[in-house]
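Spelled out, the chains give:
Protein chains: 2
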Amino acid sequence: MSEPKLAELKQRLQVVFDLNMAASLLGWDQNTYMPPGGAEARARQIALLGQLAHERFTDEAVGHLLDDLRPYEASLPYDSDDASLIRVTRRDYERLVRVPATFVAEFNAHASRSYQAWTEARPANNFAGVRPMLEKTLDHSRQLADYFPGYSHIADPLIDFADYGMKAESVRALFAQLREQLVPLVQAITNQPPADDSCIRRHYPEDAQLRFGLDIIRQYGYDFTRGRQDKTHHPFMTKFSLGDIRITTRVKENDIGDALFSTLHEAGHAMYEMGIDPAYEGTPLANGTSAGVHESQSRLWENIVGRSRGFWEHFYPQLQAAFPGTLDDVSVDTFYRAINKVQKSLIRVDADEVTYNLHVMLRFDLELQLLEGTLAVRDLPEAWQDRYDHDLGLTAPDDRDGVLQDVHWYGGGIGGAFQGYTLGNILSAQYYEAALKAHPNIPSEIAQGKFDTLHGWLRDHIYRSGSKFTANELTERATGSPLRIEPYIAYLRAKYADLYAL
Amino acid sequence: MSEPKLAELKQRLQVVFDLNMAASLLGWDQNTYMPPGGAEARARQIALLGQLAHERFTDEAVGHLLDDLRPYEASLPYDSDDASLIRVTRRDYERLVRVPATFVAEFNAHASRSYQAWTEARPANNFAGVRPMLEKTLDHSRQLADYFPGYSHIADPLIDFADYGMKAESVRALFAQLREQLVPLVQAITNQPPADDSCIRRHYPEDAQLRFGLDIIRQYGYDFTRGRQDKTHHPFMTKFSLGDIRITTRVKENDIGDALFSTLHEAGHAMYEMGIDPAYEGTPLANGTSAGVHESQSRLWENIVGRSRGFWEHFYPQLQAAFPGTLDDVSVDTFYRAINKVQKSLIRVDADEVTYNLHVMLRFDLELQLLEGTLAVRDLPEAWQDRYDHDLGLTAPDDRDGVLQDVHWYGGGIGGAFQGYTLGNILSAQYYEAALKAHPNIPSEIAQGKFDTLHGWLRDHIYRSGSKFTANELTERATGSPLRIEPYIAYLRAKYADLYAL
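Quick mapping for you: the protein sequence lines, in order, are chains A and B.
Going by my numbering, the residue at position 187 of the first sequence is 187; the numbering climbs one at a time, nothing skipped.
Going by my numbering, the residue at position 4 of the second sequence is 4; the numbering climbs one at a time, nothing skipped.
This is chain A alone, in the form it adopts within the complex (with noise of 0.2 Å):
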């Protein structure tokens, strides 16, 4: 009988599934709440537990569950919830068994030392005080990467942890198709005269900016029993178990994008999260598939939704009576305008839908050029400057906004943690149309303030399975093809079109 095995599979994974989450909830802490003295403790804290978890996953009774299971596993359909547990928790295992649990113990240590490290370091415009962490980080993800030896290149493992089945060759080649696309689009757009993006920039109070963000994702559904947002340097998506997923944001008065947008970022992930089949809680299909199925939802929500005509139709009259006085004098369609203004810029979170690929795909090149070694991080802040000089036609000023903006390098690895980005923008869009062939309401829907239809076939389609499918497989199933970057560009090409007159 293979019941008392599959049972003694999920209990252990569910203990695995506990010590990570445990985990990110002290990750979570220390971002949010931990009071400096705690850091040191904390970094051996999170590595603990993400030893004890790695070495409770490749235990070897797992392994030998996993082939005791194939019989079973063999009998049901492909996408059955027991045949995708196995088949899914052997392909972690497969890959994660090369790993020693030491290693990952050093390395989740060192990554939680180099991000304390990294807070500290960017007000002061210190990259000389995080360089010896990110040469440790870049040591530590080439062993990674050497665990699984037999690659193309050495990023191909690192990029197929978070993407799985993506390579650095097809990424490398997908982004050149796209960039095809957009740079002349960017040009077209630059060509015009600027959008008039002040009204972005008055006063608005940190207590009423975050209300009305909330209000917000309240009303897209994502469940406040089930979460909470609390503030951050870097906002971020995190989850405890599926009854707990919260995220982060981070408020500038000056500016009512930044968290505002952040919020309807994060919310999206969150909302992915939020709809995974419960019966799948302290399991690995308990989990988003990949980066780029996770960013695509995270993107559809800021960008695809949040950012459309008919959304502030429907918000704009509630914004202006959120900061009375404030936006008396901006009309929604100037205020529209603002919130998608094309513009060449240094920051990769604040830059539009247009732009802001090429922001990662510079990333991506440089992460596989520290890992190859032709770039050494000593030549890394001048090698960012020159890439921005190159492909936006821009200097920041110092590293804080240069070599230093992002998180992941500091707080993470080197290679994979990049290319899911452009890769969930595209995601977004063939989603977007395919719920929209099925429920071709949803544009106006969505003018009225209303997300139910768009949120139930998103859980229907994109959430509900967790990890049960890979992206590649998930992205047949939902949208009837493999990725491709049509309807992403025909998204684009519409929206600029109307706002640039192109």
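Just so you know, these hints were derived from the structure itself, not from any lab.
Misleading hints may appear alongside valid ones.
Identical copies carry no separate label here, and so any pair may be met within one copy or between two of them.
Said to hold, decoys possible - For lysine-lysine, the following DSSO-like pairs were computed, each having C-alpha atoms within a straight-line distance of at most 30 Å:
no.: 1; residue 1: 136; residue 2: 10
no.: 2; residue 1: 231; residue 2: 252
no.: 3; residue 1: 450; residue 2: 437
no.: 4; residue 1: 450; residue 2: 341
no.: 5; residue 1: 231; residue 2: 437
no.: 6; residue 1: 231; residue 2: 136
no.: 7; residue 1: 252; residue 2: 344
no.: 8; residue 1: 495; residue 2: 252
no.: 9; residue 1: 495; residue 2: 344
Given chain A, work out where chain B should sit, using these hints.
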């Protein structure tokens, strides 16, 4: 050579410490920020971490190391760090090795669920809603005691966990002796006209209350680089390493005393932990030595310092300034009398210093009866009311302010939870007397808002040694005698004779 064995022991102990600290953070989050949807998984996760910590600590390898280290321990002075570490670890080991890890997991998971149920049951005045939980808690507590056969009273092992060296019989005898002194004192005071404490219950905005309390404890010496304060139902202190020791409070806007004195109280607990030798981090020595000694520090900073006349002669003008216009018509003498008003009341945490111990004693007696089986959980609300009627001449209007008022039985176990409060009161006066003997200028420093001398004496004589010494050893070393009630009685008599013209 003993060095590698000691190093191995320390490494194993650090893992145990870190697992327990991670569990504490999960508990802190459950009390502060967790959305309700997180409760079920959180209970499971806290239980898991507790179970793993228990398994690691009671691993027979730890027992072998402790055996192997006996000669090394014997070669060292009793009070050396290494001998103390081995001795205290052995004491804990011999105790915990008797309790199965699965029981620990079940106990903790239930405690977490029961706590969650209590947070809903108390506002709803719904004792019936938590009764089955409490019955299971009683079963658990009895079962825990039964892992230590040979006790005189079933509560003995549970009391011993919290206050090593104490038993039901010795606590009873001490409490009887104390009651003999307290009852006539309460009688004499309550024969006098009551103090006018109406100034306490004016409107005090939450933000200003929190700021004022934080400002005081900063002056006490609470280190905000190693701590912070958040809000919870029930105030508490918790720690996640010697670098991260947090407190919580709650605020009533119509009561200036509630948040303020709970802040001073929890800061006293925290300063004890903050004063532990940092070399003990990650070991069983990095804890306060007993519930009673811990409480002595919270009560010392809350009452002996924070409710003294000298303290308020210094801080009252600042309090008046913090709440502009609110206390202009109230003299410092009136305020001092108000915060020291003695009255028979229903709520332990709001009770004055004189009647407080009566609240503790009746809970202690009820605990013993529950454990003995002479009182059933279903009869507890009535027994509670009977004792309040008998001891304090009062009847609670409902269970909210009756049997549901304290979290202890609902979030932990029954037995050993309450005696530490009164032991702490007694010890606070004994330690303060010893500090004054060494530094007679302490009261005049307090009257200038200076706390360094007192804090320094406490660090040197109480805090630094952590759990190195038992409560009895520590008290002997710090004061030259075992625990005695005389300093506490003398303190109360002197203070209240002055206040009430006895």
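Outcome of the hint check:
Taking identical chains as interchangeable, the C-alpha atoms of residue 136 and residue 10 lie at most 30 Å apart only when they sit on different chains, with a minimum of 27 Å there against 36 Å within one chain. Proximity of residue 231 to residue 252 under the C-alpha cut-off of 30 Å is found in both arrangements, the shortest distances being 11 Å within a copy and 26 Å between copies. Within a single copy, residue 450 and residue 437 get their C-alpha atoms as close as 18 Å, which meets the 30 Å cut-off; across copies the closest is 73 Å, which misses it. Only within a single protomer do residue 450 and residue 341 lie at most 30 Å apart by alpha-carbon distance; the minimum there is 25 Å, versus 58 Å between protomers.
Taking CA atoms no more than 30 Å apart as the test, residue 231 paired with residue 437 passes in neither setting, with 38 Å inside one copy and 49 Å between copies. Taking the shortest alpha-carbon separations for residue 231 and residue 136, only the intra-copy value of 29 Å comes in at or below 30 Å, while the best inter-copy value is 39 Å. Taking the shortest Cα distances, residue 252 and residue 344 sit within 30 Å of each other inside one copy (21 Å), while across copies they are farther apart (52 Å). In the homo-oligomer, the alpha carbons of residue 495 and residue 252 lie at most 30 Å apart inside one protomer (27 Å), although the nearest pairing across protomers, at 53 Å, exceeds that limit.
In this assembly of identical chains, residue 495 and residue 344 lie within 30 Å of each other by CA distance solely inside one copy; the values are 18 Å within and 72 Å between copies.
This entry does not satisfy hint 5, going by the numbered hints stated previously; all others are met.
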